[in-house]
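Taken in order, these protein sequences are the chains called Y and W.
Its first residue numbered 5, the first sequence is counted upward by one per residue in my numbering.
Its first residue numbered 11, the second sequence is counted upward by one per residue in my numbering.
You may find that some hints are simply not true.
[Stated by the list, open to error] Derived CB-CB ranges, DEER-like:
1. W:A131 x Y:D17: 20 to 26 Å
2. W:S261 x Y:L121: 49 to 55 Å
3. Y:G96 x W:H266: 29 to 35 Å
4. W:N147 x Y:V14: 43 to 49 Å
5. W:R80 x Y:R146: 45 to 51 Å
6. W:L30 x Y:A71: 50 to 56 Å
7. Y:D167 x W:P127: 51 to 57 Å
8. Y:D181 x W:P127: 39 to 45 Å
9. W:M164 x Y:G96: 42 to 48 Å
10. Y:R125 x W:D196: 24 to 30 Å
11. Y:L121 x W:A37: 24 to 30 Å
[What the hints assert, rightly or not] Some chain Y residues flagged as far from chain W (calculated, every beta-carbon gap over 10 Å):
12. D69
13. H102
14. Q136
15. G238
In case anyone wonders, no lab produced these hints; they're calculated from the structure.
All values reported here derive from a predicted model rather than from experimental measurement.
Glycine included, every Cβ here is placed at the ideal spot set by N, Cα and C.
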Amino acid sequence: MYELAGIRKVFADGSVALEDLSLRVGPGEHVAFIGPSGAGKTTLFRILNLTLRPTAGTLIFEGQDVAGLSDAGLRRVRTRIGTIYQQQNLVGRLRVVHNVLAGHLGRWSTATALASLVRPRDVAGAGRALEQVGMPEKLWARTDELSGGQQQRVAIARVLVQDPDVILADEPVSAVDPSLAVSIVTLLRDLSHESRKTLLMNLHSVDLALGYFPRIVGVRDGRVRFDLSPDRVGPELLAELYAGHRDEERQLERLRDGQNPLGAACRPLPGFRK
Amino acid sequence: MGGLRARAAAARPGRTAPLLAGAGLAALLAWSWHGTAVDLPGLFGGEGMRQVATYVAGLFPPDLSARTWRDAAAGAVETFAISLIGSLLAVGLGLPLSLLATRTLLYRGILFEGRRPGPGARTARVALYAAGKALLNLLRTIPEIVWALIFVFMVGLGPFPGVLALGFHTGGVLGKLFGEVLEDVDPAPLEALQATGASRFGILVYGVLPQALPQFVSYALYRWEVNIRAAAMLGFVGAGGLGQRIHIAISLFQEHQLLTLILAIYAIVTLVDALSAYLRARLV
Chain Y
5 MYELAGIRKV FADGSVALED LSLRVGPGEH VAFIGPSGAG KTTLFRILNL TLRPTAGTLI
65 FEGQDVAGLS DAGLRRVRTR IGTIYQQQNL VGRLRVVHNV LAGHLGRWST ATALASLVRP
125 RDVAGAGRAL EQVGMPEKLW ARTDELSGGQ QQRVAIARVL VQDPDVILAD EPVSAVDPSL
185 AVSIVTLLRD LSHESRKTLL MNLHSVDLAL GYFPRIVGVR DGRVRFDLSP DRVGPELLAE
245 LYAGHRDEER QLERLRDGQN PLGAACRPLP GFRK
Chain W
11 MGGLRARAAA ARPGRTAPLL AGAGLAALLA WSWHGTAVDL PGLFGGEGMR QVATYVAGLF
71 PPDLSARTWR DAAAGAVETF AISLIGSLLA VGLGLPLSLL ATRTLLYRGI LFEGRRPGPG
131 ARTARVALYA AGKALLNLLR TIPEIVWALI FVFMVGLGPF PGVLALGFHT GGVLGKLFGE
191 VLEDVDPAPL EALQATGASR FGILVYGVLP QALPQFVSYA LYRWEVNIRA AAMLGFVGAG
251 GLGQRIHIAI SLFQEHQLLT LILAIYAIVT LVDALSAYLR ARLV
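Please model the entire structure based on the sequences and the hints provided.
What follows is the structure, encoded as structure tokens:
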């Protein structure tokens with residue numbers, strides 16, 4: 005699916021977000037990315053969904069080097085990559101149906117896109133997607149009237165309408181409360197599993213990553229620090245990954261003490277058992 | 011922690027800068043006062059004040075004959091129509107031009123980080139922006155009344171040059187304001203739309219315009235309120251409406267008719283303000 009080699013990203017202000025990052029992700033894989041804030045995870049995801057150009061290195065998507073693509077070529081590839089953000093990536097003033105149908109924009113002609121704003125096309129498809137995320141009754145609601153968790157479901161419905169080969173979820177549950185977090189992560193995992201989509205997720209909470217993903221990539225200072233199955237991600241590795249980031253270290257202490265902030269919804273984690 | 015405190019200290023403004031700015035502002039004010047020859051005794055105490063009072067007293071009572079009524083009503087309707095059509099023309103001109111005056115739609119910002127632009131492509135887009143901005147500045151710097159003179163010369167007397175004059179000047183104003191609104195929208199939804207593979211146009215109609223629309227409506231309504239007053243004046247150069255009739259009444263010393271016409275302007279300005287406020291409450 006993805007082959008990254010020597011990816012480096014330096015922003016205009018000179019800050020280095022990614023440094024010599026290499027990674028391979030196979031089709032249908034589920035991968036969680038963890039690491040302290042500022043590690044470069046969001047930058048990496050923007051490079052993966054082709055909205056940000058790396059300063060150096062190659063990115064190969066499905067055997068194709070994306071560096072040489074034209075605008076139209078880039079758009080075609082983007083239609084196959086769906087992205088879910090932390091929050092606020094919907095247009096609040098539009099009705100839910102339009103935000104969901106925006107998943108079609110990569111395929112629709114200009115005329116169809118315009119016409120759909122007046123008389124929505126594929127209302128059935130939007131309805132089905134909303135049903136899959138568990139809120140079919142919100143089809144005609146105004147998006148800014150929904151709660152944060154409901155908006156996140158609308159964003160997932162948009163990705164379902166887009167029907168990509170890869171789903172990138174960048175901190176999809178950081179802005180919702182813990183019980184909802186588990187349900188959204190499982191929803192994304194099950195939906196991608198059913199339709200054999202590749203799922204890459206940035207996660208702030210280590211227990212969600214270790215509990216729900218078969219492959220964990222630790223990122224720090226713009227580099228991959230480890231790339232392991234969850235049972236091999238022990239306390240020492242995590243302590244090293246988060247060293248110097250106080251809030252996130254506290255999360256590890258809670259884990260070590262056996263307190264699970266997510267409650268019974270999450271399995272006890274290997275390596276943290278007393 | 012120490013770094014944070016150091017940064018806070020560095021951010022604290024010095025004491026001399028505001029003092030200097032204050033002194034500069036005071037000097038500018040004094041110079042402007044002198045330069046504009048402000049003469050308060052001349053305004054309130056002199057002969058002029060008495061003359062104005064006499065003239066105003068001479069306006070009363072307003073002429074309420076059927077003929078003058080009809081004339082004032084026809085003028086009011088015409089002025090209303092000029093302001094409405096002129097404002098719509100302004101939106102029609104300003105909206106497309108505003109897209110050229112929006113950097114974030116042409117060459118920079120979140121929509122332009124995915125790919126290195128081809129050689130010359132960025133330069134061409136920056137040039138397009140500069141041209142759009144320059145055209146809007148030109149439309150805006152020429153006042154309505156000068157546009158009206160130009161169009162009266164081109165298409166003759168009547169309300170039509172008034173419509174064109176308002177459309178061109180206000181088009182320039184709205185184009186600039188709309189462009190600022192467009193640059194100011196939340197980029198997060200645009201990033202998400204771009205990631206679905208949407209075209210620039212798709213991002214514009216699904217992400218940018220829905221966010222900008224309430225402010226567009228608000229600015230357009232406000233400019234309509236400005237334009238109803240402007241429309242009443244454009245008649246002085248022959249561009250129709252109440253202004254043209256007022257000009258005639260002043261020239262022919264028809265003081266009582268003049269007062270009726272002035273009252274008509276007052277009524278119609280109040281009406282448009284109320285309409286605009288109602289629409290704003292409903293739409294924004």
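Against the structure, the hints come out as follows:
1. W:A131 x Y:D17: 20 to 26 Å: holds, 24 Å
2. W:S261 x Y:L121: 49 to 55 Å: Check passed, 53 Å falls within 49 to 55 Å.
3. Y:G96 x W:H266: 29 to 35 Å: violated, 56 Å
4. W:N147 x Y:V14: 43 to 49 Å: About 37 Å separates the Cβ atoms of N147 (chain W) and V14 (chain Y), which means 43 to 49 Å is violated.
5. W:R80 x Y:R146: 45 to 51 Å: holds, 48 Å
6. W:L30 x Y:A71: 50 to 56 Å: holds, 52 Å
7. Y:D167 x W:P127: 51 to 57 Å: violated, 30 Å
8. Y:D181 x W:P127: 39 to 45 Å: holds, 43 Å
9. W:M164 x Y:G96: 42 to 48 Å: The hint (42 to 48 Å, Cβ to Cβ) holds, given that M164 (chain W) and G96 (chain Y) are roughly 46 Å apart.
10. Y:R125 x W:D196: 24 to 30 Å: Holds - the Cβ-Cβ distance for R125 (chain Y) and D196 (chain W), about 26 Å, lies within 24 to 30 Å.
11. Y:L121 x W:A37: 24 to 30 Å: violated, 55 Å
12. D69: holds, 13 Å
13. H102: violated, 7 Å
14. Q136: holds, 18 Å
15. G238: holds, 31 Å
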